[in-house]
Amino acid sequence: MRNLLDTRTLDRESALRILDVAEDMSDTQTRENRKLPTLRGKTVVNLFFEDSTRTRISFEAAAKRLSADVINFAAKGSSVSKGESLKDTAQTLQAMGADAVVIRHHASGAPRTLATSGWITAGVINAGDGTHEHPTQALLDAFTIRKRRFGADSRGQDLSGIRVVIVGDVLHSRVARSNVWLLTTLGAEVTLVSPPTLVPQNVSQWPVRVVYDLDEALADGPDAVMMLRIQLERMNAAYFPSEREYSRRWGLDAVRAATLADDSIVMHPGPMNRGLEISAEAADSPRSTVLEQVTNGVSVRMAVLYLLLAGERDDERGEGS
Amino acid sequence: MDTLVITGAQLLGADSADIVVENGIIAEIGSGLSRAGARVIDAQGLVALPGLVDLHTHLREPGYEASETILTGTRAAASGGFTAVFAMPNTSPVADSAGVVEQELALGEAAGYATVQPIGAVTVGQKGERLAELGAMATSRAKVRVFSDDGFCVFDPLIMRRALEYVKSFGGVIAQHAQDPRLTEGAQMNEGVVSAELGLAGWPAVAEESIIARDVLLAEHVGSRLHVCHLSTAGSVDIIRWAKKRGIDVTAEVTPHHLLLTDELVRGYDAKYKVNPPLRREEDVLAVREGLADGTIDIVATDHAPHPSENKACEWQAAANGMVGLESALRVVHQSMVQTGLIGWADVARVMSQAPARIGLLDGHGTPLEAGQPAQITLYDASREGTFTAADLHGRSRNSPYLGRDLPGRVEWTIHHGVVTVESGAVVEELHSCDAPSGRREGK
Chain A
1 MRNLLDTRTL DRESALRILD VAEDMSDTQT RENRKLPTLR GKTVVNLFFE
51 DSTRTRISFE AAAKRLSADV INFAAKGSSV SKGESLKDTA QTLQAMGADA
101 VVIRHHASGA PRTLATSGWI TAGVINAGDG THEHPTQALL DAFTIRKRRF
151 GADSRGQDLS GIRVVIVGDV LHSRVARSNV WLLTTLGAEV TLVSPPTLVP
201 QNVSQWPVRV VYDLDEALAD GPDAVMMLRI QLERMNAAYF PSEREYSRRW
251 GLDAVRAATL ADDSIVMHPG PMNRGLEISA EAADSPRSTV LEQVTNGVSV
301 RMAVLYLLLA GERDDERGEG S
Chain B
1001 MDTLVITGAQ LLGADSADIV VENGIIAEIG SGLSRAGARV IDAQGLVALP
1051 GLVDLHTHLR EPGYEASETI LTGTRAAASG GFTAVFAMPN TSPVADSAGV
1101 VEQELALGEA AGYATVQPIG AVTVGQKGER LAELGAMATS RAKVRVFSDD
1151 GFCVFDPLIM RRALEYVKSF GGVIAQHAQD PRLTEGAQMN EGVVSAELGL
1201 AGWPAVAEES IIARDVLLAE HVGSRLHVCH LSTAGSVDII RWAKKRGIDV
1251 TAEVTPHHLL LTDELVRGYD AKYKVNPPLR REEDVLAVRE GLADGTIDIV
1301 ATDHAPHPSE NKACEWQAAA NGMVGLESAL RVVHQSMVQT GLIGWADVAR
1351 VMSQAPARIG LLDGHGTPLE AGQPAQITLY DASREGTFTA ADLHGRSRNS
1401 PYLGRDLPGR VEWTIHHGVV TVESGAVVEE LHSCDAPSGR REGK
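Note that the protein sequences, when read in sequence, are chains A and B. In case it helps, our numbering puts the first sequence at residues 1 to 321. In case it helps, our numbering puts the second sequence at residues 1001 to 1444.
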């Protein structure tokens, strides 16, 4: 794998490879000594143009457990208008000898620009770009769904026939986009539930069903319900009238959560707005996978770093590249 | 000034003829022509067009000389076969006063590569609030007739109405950049299938179409002349078609890039494809081609918009809008309109020379290739195949979307008021006249 920029162009085989390696990584994390020597001598840079403590420490933990050296670079500027340009930052990292760059950026497409510009030779991992994609989040979500369904027999399994409902601000969600592509590539059936204002104007090419009514979607008995974080500033841009109305119509409250089948799971990428998109009952119930997602995130990111840095860099399969 | 004898040119792509140019005027057209001591230009197999006229150019001077100057921009124009360019007012200071437009005019005259006709801003500082001194610009030496806040839509309907009315007193026209600012806040690319996938904020077609619809109704109401800049959507073509059928005095332009490129190109987030209005869908490209072919759209204008490389070599969201287009325009029209069989060379002359000069009320350009007319001539090799490369660019900026793309043809000769500005495909370094003429200097 050369880079991990999105899940849109990640094929099934490559996705399963990452998930299966993540299973191996996960197994090592139950040992007394969880640190592997695999990436000793490699340098991973966490290049964050946007604050995200959760994602950054997850990547940091993943790299350190593989014995890579980690540099955290919180860049504040945005190109041209202020601060240092992406190009200059990238060339600085190149000069320092970065082997992989994990980039979080507020601009959609910035990781691709970084990877295709010729500014650096390091592999690029997209850790969330604008409202575009967040591929490692989707991979950890798929890993979590698979683990809950198949347990110790997860390796090699895809998500055929599994029904996933994704609820919330799809328009601005990179988590939603990455999950739509990855979960459907793995065979899952995805339903998006959103206020009509918060779904892109044209999703005719997306392999999903879109409904506006959460109760209708839940009545179909989904295997997993993924709640997206709602940004309160959306209220001011007329996407929905009030917090209360959003919560009533699209929030997973205790009553709705109680209608779910016993083995269906509730997911959230965090951080949660308790009482808004998800109730405390749903978030803390045994069906909630919120903390498993965090744990699995480290394993998945270890797998991605491993595949990127441990000798498979020339493998141009999928996108990868 | 040299006497020129152009031999064997295909007039508007049709009959072969010789053209004699004397003192900046076409002296004679016929066969077997010669003049003692004249410079002979062998134009066998070349298409002769009236010198091209661009109603929509950004020359960046004064204020943004790192991107382009009037000298470099008119060199680029000449290399693309243009003999006149209308310079948009978004300079620094904004061309909203007689002083600035006269300065631009003078710099164009000094450069000599093409006639520079300034466009004046509609409102002070292009802020959309108060009318600029349109009359002062109209009666200045620059004789401004086209007014535009290009880059900014004249959004306030009352200001737009007043502007349309006011310029009637000197035959002016308002060239509107149709973009509803509220519907395009933060917009990054055409809103549709691709924007949904790329997570880039959408720029809906309706933001353009609703302004055009409003403006044609305003123009009808006050009996004024309206020009719509760079329309880009199928819906916009429909509205213009409807308005013309209704007798509204409206003209419209399309850019070369909207005739050829689609929003699918944005998928790689390469900011060389970032432009305002944005690249649209394939359906829109086909609709604007059809509109240009059937006369709904009157002209092709480049919207040549130079930017320094640092404004493009960055993440999409931070990049500047705009593409350079003067050098490639004729070749793109050739590929998208002529090679597709939609129009012929006489139509190219109409949409890239005659009609833009007429809309802009520019004398001495867009005139027929006939004896007694000013010698504004472009000789184009339509048989040549090739790739568009950086060597084809002659301005100061490199932000062309066509680099590496196959484009047919090449401008071999450009003659601006009898002065050769491009010879054998190369821009002439020292113009062959110490008294570099322009349309303005001679008798105006």
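Since the hints were made in silico from the structure, they are not lab data. Warning: the hint list may mix true and false statements.
Taking lysine-lysine pairs in the DSS-like style, the calculated list, with each CA pair at most 30 Å apart, reads [to be verified]:
(1) B/Lys-1143 <-> B/Lys-1127
(2) B/Lys-1245 <-> B/Lys-1272
(3) B/Lys-1168 <-> A/Lys-76
(4) A/Lys-76 <-> A/Lys-64
(5) A/Lys-87 <-> B/Lys-1272
(6) A/Lys-64 <-> A/Lys-35
A quick look at each hint next to the structure:
For the proposed pair B/Lys-1143 and B/Lys-1127, the alpha carbon gap of about 23 Å is at most 30 Å, so the pair holds. A hinted pair counts as satisfied when its Cα atoms are at most 30 Å apart, and B/Lys-1245 with B/Lys-1272 does not qualify at roughly 37 Å. Annotation: proposed proximity of B/Lys-1168 to A/Lys-76 is violated, straight-line Cα distance about 51 Å (limit 30 Å). Between A/Lys-76 and A/Lys-64 the alpha-carbon distance is near 24 Å, which keeps this suggested pair within the 30 Å criterion.
The straight-line distance between the Cα atoms of A/Lys-87 and B/Lys-1272 is roughly 16 Å, inside the 30 Å bound, and the hint therefore holds. Restraint check for A/Lys-64 and A/Lys-35: the C-alpha separation of about 7 Å stays at or below 30 Å, so the hint holds.
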